[in-house]
Amino acid sequence: MSKLSKNNGSLANQYRQYMSTRLILLTLLAVGITLSLLYDLSEGPSSLSYGDLIKGLWSPESLPIAQQVIIWDIRLPYALMAVLVGASLGLAGAEMQTALNNPLASPFTLGVGSAATFGASLAIVFDFSSIGISQTYLLPIFAFFFACLTSFIILGVANSLGGSIQSVLLFGIALMFGLNAMVGVIQFVADEGQLQQIVFWTMGSLARADLEKAIIVAVVFTLCLLISLRHSWSMTLLRSGEEQAQSMGINVKKLRVTTLVRVSLVTAVALAFVGEIGFIGLVAPHIARMIIGESHRFFLLGSTLCGALLLSLASIVSKGVIPGLVLPIGMITALVGIPFFIALIYQHQKRNPS
Amino acid sequence: MSLLLQNIRIAYGKKEILSGINLDPIKPGSLVALLGQNGAGKSTFVKGLAGLKSYQGTASLDDIELANMDQHQRLKNIGYVPQSLPQGSSLLAYEVVKSAAASLIDKASQDDRIEDVFQRLKIAHLALLPMHKLSGGQRQMVSLAQAIVRKPKLYLLDEPTSALDLNWQMQVLKAIREEVDQQGSTALLISHDINLALRYCDQVVLLNQGKVLANGTALDCLTPENLAQAYKVDARIERCSKGHPIILVDSAL
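Line by line, the protein sequences are chains A and B.
Using the numbering used here, the first residue of the first sequence is number -2, and each one after it goes up by one.
Using the numbering used here, the first residue of the second sequence is number 505, and each one after it goes up by one.
Next up, chain B with everything else stripped away, as it sits in the complex:
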């Protein structure tokens, strides 16, 4: 029962973006940070798993190949939160979440489940507002709610905190962490915020030019050498006065 990713290749036309991603099986209950500089292939990787790009190789969740999942299986198992969200819709936030839950959760428990997600993400006050009245960050929260409401086995989160302020970033990561722990789901989280990843993720996958540069615990992966290679910075991980590991960037290389 795990996420298996072997030799994943994705190309745009002739240009190969991912050239063979191999990872050890990812256990349920893992929150994995996908790190790497812009253009390293993080979003492409996640899009491939979400069904937006075709991939070669094996990507299976509990022995079901992601590419072969039917609509119901996708709806049930995959919670994808993309980087960019549409602006103009007049759908209510409640409807965005409800539409995803509608065919999945039986009527009796649907209302409670939706209510619970809105309350937990602290966005109940937005529920009856149309999406076009929400800010970028608020839309991101609704999009996350649309994923969480389905209790998917696999979360694919493409910078879900990019439009959020510090408080909301912590709230969102806390909510994802809780969800992963309680439901035993697996989450791949793309982020440029290494401190958030250090704080909440069990595992780090550092991508560089379409390949895995390092894979393992954050402290093992984010060595000065790897950071220099992946991000072109002179940086180090140290512990703050409260004992949390944080990244300190000394200079760009």
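Isolated chain A, as found in the complex:
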């Protein structure tokens, strides 16, 4: 018996202690998100005191109409969307990395985000209004369809290449270039208004968020999270070894496919309203893995919370870099995310030199 287990009692007790640390960390992340959300709400060109802010959120009628509009129609959707999109991407990234057994997988790095952009661009440029669905819903539907398609192509490639991490990543990058080129073609035929929308999409910005869109993202995200958590046991077993999981009766193929459908859905809906926001889905799972571990009940929540916190912080930064100007949030995440991505590749290569 090791010294540690002699001192602290049974392994089960030691594990319980470990778990309570995790719960504390998850709580801290949630607190961090709340603080970041409040700060994000208070930031903006027109000055609002915290007192006014809380008053405005609690009983909107007590404030002049201009301030009500600022809080409810501009800042709240903006700040909430940051949290929700961040949470969605954090969840999608964590699930994708597990499903593909690839630490460099994320909706962005494997082109699923680009596919969503492509789908959304199609919905913007070609008039599908005759179907009778408003663009608020058409955008995510198109984005989802193409995101799903891309996920399956990647899954097929991952299976045929034996899941080699680098090859799948390279394929994803090739796919991303291809899709970006096709978006370029669509931009070429788009009129001025459509072009502006597509450009907005490719840059990733929270500026067009409104409460209805935030609610759609929230509903889809919550549903996906609940289903993910139901599968957390299978996913933990999958992480303990694919062959063992299969021998224990886990249908690994089905698990992968359903997971990727979920990833595509949550990614497409989140990005449908804010455009391409990269790297959150890559970075959040890594941070969560480091601080929370990989038991999926905690890991999925952890990555979700990390994603939400990261994008909320990015939202604050996007308002603060140039006073009076709100930068597209996708630029901020890319600027922070790219060095992180390179560091990950470097670390991965060092660990598995081949």
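These are computed hints drawn from the structure, not numbers from a lab.
Take these hints with a grain of salt, some might be off.
Below, computed lysine to aspartate or glutamate pairings styled on EDC-like, alpha-carbon distance capped at 16 Å [unchecked claim]:
#, chain 1, residue 1, chain 2, residue 2
1, B, K655, B, D616
2, B, K557, A, D124
3, B, K655, B, E682
4, B, K655, B, D706
5, A, K251, B, D574
6, B, K580, B, D566
Please read these numbers as outputs of a predicted model, since none were measured by experiment.
Given chain A, work out where chain B should sit, using these hints.
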């Protein structure tokens, strides 16, 4: 109550790897060594039984066809330890074992059972380490613990000692032997270490080119002729000064 294997065939595409494996029913409490040169079909055979490859023929455990087992039955009955284990996971060793036990053992006895397995395999000091910090051999031990914790009726062990040093090899085989004896389970063990097989296994199945070359006690099966055919070596089994049978290889043929 036994493991019945009749006319098992497994193919990769059009290439038939196993062409009709027939064995007498294997009684509970048997530790069977699956021997043969590389490519003889040992791993494929075990993978078929573990549910990783589809097979034709009959493979039934207590009259239940392995291929027809549902998830719960698989979890309960089959303890498969594969040859290669994933490297990068941040799961704790404890979680790897617990995740397998979670839906199988009631909460009250789960903690004790997991504790017991970690102590018996002498890996309690690894329990709270993430898998990516463990060596290949240590991961192999955890993978074995993940199987043992469920008390499966059928162990399928694909070279479980390949990354272990001499001491650990003996420990692992001893633990498997005890488990098989105490629980009355059946174990199929793939190994290239014929001396370990001679020491711990009741029965040997010698495979050659997808077929059973010999089947029975180790001393009956591992004749110089069979060793020459299966392994392409000039070899013989002799007793050491302590009376244990050991293999002596004179030359490659």
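These are the hints, each one checked on the structure:
no.: 1; hint: K655(B) with D616(B); result: holds, 14 Å
no.: 2; hint: K557(B) with D124(A); result: violated, 49 Å
no.: 3; hint: K655(B) with E682(B); result: holds, 12 Å
no.: 4; hint: K655(B) with D706(B); result: violated, 20 Å
no.: 5; hint: K251(A) with D574(B); result: holds, 15 Å
no.: 6; hint: K580(B) with D566(B); result: holds, 13 Å
When the structure is compared with the earlier hints, violations turn up for hints 2 and 4 and for no others.
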